[in-house]
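Engineer: Residue numbers (the working numbering), protein chains in the order written: chain A, 12 to 365; chain B, 12 to 365.
Worth flagging that the hints you see were computed from the coordinates, not collected in a lab. A portion of the hints provided could be inaccurate.
[To be verified] Calculated lysine to aspartate or glutamate pairs in the DMTMM-like style (CA-CA distance at most 25 Å, straight line):
#1 B:K279 / A:D88
#2 B:K358 / B:D204
#3 A:K185 / A:D204
#4 A:K179 / A:E141
#5 B:K279 / B:D77
#6 B:K346 / A:E165
#7 B:K259 / A:D257
#8 A:K279 / B:D173
#9 A:K259 / B:D241
On a predicted model such as this, the values are computed, not experimentally measured, just so you know.
2 protein chains.
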Amino acid sequence: MKVPTKFLLASVLFVILTFLGCSKPTQPSPSSASQPSAVAAVDPLPSWNDGPAKQAILDFVKTTTDKASPKFVAAGDRIATFDQDGTTWVEQPIYSQVLFAFDRVGELAPQHPEWKTKMPFKAVVTGDREAMAKFTLKDIEVIAMATHTGMTTETFQSLVKDWMAKAKHPRFDKPYPQMVYQPMLEVMRYLRDNGYRTYIVTGGGQDFVRAYAQQVYGIPPEQIIGSALDTQYQYNQEGQGILMRDPKLLLNNNGAGKAEDIYLFIGKRPKAAFGNTDGDRQMLEFTQASGGASLEILVLHDDATREYAYGPAQGLPDNKVGTFPQTLYDEAKAKGWIVISMKNDWKQIFAWGK
Amino acid sequence: MKVPTKFLLASVLFVILTFLGCSKPTQPSPSSASQPSAVAAVDPLPSWNDGPAKQAILDFVKTTTDKASPKFVAAGDRIATFDQDGTTWVEQPIYSQVLFAFDRVGELAPQHPEWKTKMPFKAVVTGDREAMAKFTLKDIEVIAMATHTGMTTETFQSLVKDWMAKAKHPRFDKPYPQMVYQPMLEVMRYLRDNGYRTYIVTGGGQDFVRAYAQQVYGIPPEQIIGSALDTQYQYNQEGQGILMRDPKLLLNNNGAGKAEDIYLFIGKRPKAAFGNTDGDRQMLEFTQASGGASLEILVLHDDATREYAYGPAQGLPDNKVGTFPQTLYDEAKAKGWIVISMKNDWKQIFAWGK
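Work out the full structure: start from the sequences and follow the hints.
Structural biologist: As structure tokens, this is what we get:
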């Protein structure tokens, strides 16, 4: 199986190292100033500071929904696509889905006594952080396949739902559904209120995200496009048709795959796209090439205090975490894409605090 | 490339033979009795005769949309899937997409002088019906790949749109968009009026159907699920992202593939499904196993005068045209699926005549 690039790119070892050694910085205390004011109540984007990014979003919606505008977009063509990890919620210090896979190893271990002595499982089962830090991509792949397949689609959905309800972010100690960026939720709602269909287009697992997307983003399963495994139609003991998850990748929804899969699922180009890594580049290009008005936004992680700082913000154009290389930054500037500074553009990052 | 089973099943040779030798029976003359009456104006299914099939559809909608009903279905779960060829429009004497491919050979021939002497193209270019009648599946595959790939997704859409506007059904001499079954259009509209999302789930090409589905069925591209080729993200001369159609099958949307792809695209099981061949069996099973109320309908082609008669209606359980074998008929009866008799259940088949 080829593993989705974003899901397991070269960053994974560095990410795991970061994760294993991660400290818990002081959590910012909630401030009363973060409460919506009377003015904010009529502002569709109250968690955004005034500035070019917020203005670009407001202008885009106004331009494309005004029938008198030459850049008016018909209702059926109002499509907005959002990357997930690092764009709509936290991707540091490690993708939530990798944490899920590690936790699944622990839960499945009693049924697999051989894992006590068999790498890479042994490292996870015994909590051997030194060994986990040396995991290769192949190791992660083996763990993902062992924990994500050989069950029905319904069973997998239940496992993810259960995990989402209890697993907590290692630094912020909050359940993952609370690690979503409040400003992005506002943009999604604002777009939907103006006739846009919002899609998550993620390098992560399609079924993983579908398990919680309605609750977290208000987005139904048919508007989640992600990396997907093959399924096999079979019959259960009652003779009913079920789908078993196979250890074979059908869609690698990253990079060029995002443009290809958006077309596969929707049959149209988006008019707005939001991302944060090089794996989102083609999605933004594909959106801009739709002609007429379009909106392309990249999230720059430059707020180590309230969230994380990585990518160009760290002066590390070849930094592999988050994979926002200088080339992407340059393309954004050349093409008029909006680069959001989390530090400056976002008044509040999480609903529970600054 | 593996070719979708339904698209090119063992029937294809017989179908071609039928096509090549097809006569044009007398066209039924429009009758004033087919005009909607005052009563029909309030009937959501005016082209249906009263009977168990019509009643089952009315009951299903009532039961699943009545909040007081124990079988009420929430708005987000109201999903109805329709096979296309033979279910929503005519599939005899040959699939429209095969006709499209043959016509494309003729149009492309000047750019391919080698086709004059190279089979299988030579047969199509020279109109050699005897040779065409001997086409193997591989021949059809070669023609499909040569005529459906090596172009952008936008170009392909335009080609299909142009063809749909001019190509006529060989027997009825009407453009294909008029070969749609009026009773099925009424069911689609009735379901949509009651909060159902209607999908086409076809063994035919996804992009082929998307090119006309909005016009013909009122169904947007994101609700068309079909057999799909891989695409490759590339850049055009202006540096814009485009998708090139590759001669590689990504989704074979037939049989088990229909259940698998419905889940891939929608993430849920349908509550209603409509088909007419063995390739729709798993879709109907998958729908019924959703639990609660569900509706499974098979179209039986038993009206040689107004349309065609094939499958069990001909007393040919192993008949390969339309592939409605006795086993499917038996499963339908055993599981309480509705088998529509076109002859008895449909008052009017086409909008332009009886």
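Engineer: So, for every hint listed, does it hold in this structure?
Structural biologist: A quick look at each hint next to the structure:
1. B:K279 / A:D88: Given that 25 Å is the threshold and the Cα spacing comes to 24 Å, the pair holds.
2. B:K358 / B:D204: Distance ~22 Å between B:K358 and B:D204 Cα, so the pair holds.
3. A:K185 / A:D204: Violated, at roughly 29 Å.
4. A:K179 / A:E141: With a Cα-Cα distance of about 22 Å, the restraint between A:K179 and A:E141 holds, given a limit of 25 Å.
5. B:K279 / B:D77: At roughly 21 Å apart (the allowed maximum being 25 Å), B:D77 and B:K279 satisfy the hint.
6. B:K346 / A:E165: With a Cα-Cα distance of about 23 Å, the restraint between B:K346 and A:E165 holds, given a limit of 25 Å.
7. B:K259 / A:D257: holds, 21 Å
8. A:K279 / B:D173: Measuring from Cα to Cα gives roughly 19 Å; hence the hint holds.
9. A:K259 / B:D241: Since the Cα atoms of A:K259 and B:D241 sit roughly 17 Å apart, the hinted pair holds (cutoff 25 Å).
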